[in-house]
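K.L.:
Between the sequences and the hints, there should be enough to build the whole structure, so can you do that?
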Amino acid sequence: MHSWENPALPSDLGLLAPLFAELSGQRPGVPAVHDGLRTRILCFGTLGVQTAMRKNDPFALHLPYTRAMMAFQLFQPRPAHILIVGLGGGSLSKYCHLCFPEAIVTTVEIDERVIALRDQFHIPDDSTRFRVVHADAAAHLAARRDTADVILLDGFDAFGLPVNLSSQAFYDDCHACLRDGGVLVANLLERGACAASCFERIGRAFEPRTYCTWARHDGNPIAVAVKNAPAPDWPALHQRARDIVLAGGLDLVTHAKNMERNDVARIAAHGAGLTR
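Last residue of the sequence shown: number 276 in UniProt numbering, and the count goes up by one each step with no gaps.
By construction, these hints were calculated from the structure, which means they are not laboratory data. Cβ coordinates follow ideal geometry from the N, Cα and C atoms, glycine included. Incorrect hints may have been included.
[Said to hold, decoys possible] Simulated restraints, written as ranges between beta carbons of each label pair:
#1 V33 with R129: 22 to 32 Å
#2 T128 with G249: 23 to 33 Å
#3 A265 with T128: 35 to 45 Å
#4 R131 with A268: 35 to 45 Å
#5 S197 with A268: 14 to 24 Å
#6 A265 with Q239: 14 to 24 Å
#7 K55 with P230: 35 to 45 Å
#8 R38 with G181: 35 to 45 Å
[Said to hold, decoys possible] Below, a list of computed lysine to aspartate or glutamate pairs in the EDC-like style, where the Cα atoms sit at most 20 Å apart:
#9 K257 with D243
#10 K55 with D125
#11 K55 with D119
#12 K257 with D233
#13 K55 with D35
P.N.:
Right, here's the structure in full:
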């Protein structure tokens, strides 16, 4: 088992996706919306839930992995520019727009059919602080240098993580797009060889400031990497996590512990000669 893995069960929502698709006669790869009593879900055919939104709280982060991705706050609590790859139902985009009022939030989505569903998920209109860009994220990031404080990677198609959003060149471009001290957070979707390879590529781009946590209930590994940063002050980061909870924010305490354990394991694996 890799140091970033967590033996959690798959998401219940993910297991239900084939049932939703069967009931609707939906074709694989076609984004479609399914309404439950309390939840609205975006699916791509039989291949999984992309977004789940609570109807009575559309700006909340409903799926555990989306909450885990907010661990960037431990390293970058006041970002000026948040760049998000993958719109889906806009969970990450909406939450960042609401909770970081001083930040510009830019979301890049390649599928115009997904963008066309934005009103059904209460995604805000474009403004000076919020923008949805219809573009290939790989090309979008490759053309930008030192412009973002946070990059959140949650871009998937009907078949999983696209090759051009998981290559070494792409992660190198993410590193270049971030300002010093900027944070990359990547949803690696599920445990296995693909996630392990992605984590290794992110590590090569950001070495040695690469960490991992995971969603508490659905097991998604979440990679967290910081550009050109000093060694983390883990006691200070744990205190920041507690302060966020006290201020009414998300509970990131477990994620801080996960990342510290991962950092300790990485250092032990590489030996005392690792540069810190």
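K.L.:
Taking the earlier hints as the rules, which of them does this structure contradict?
P.N.:
none
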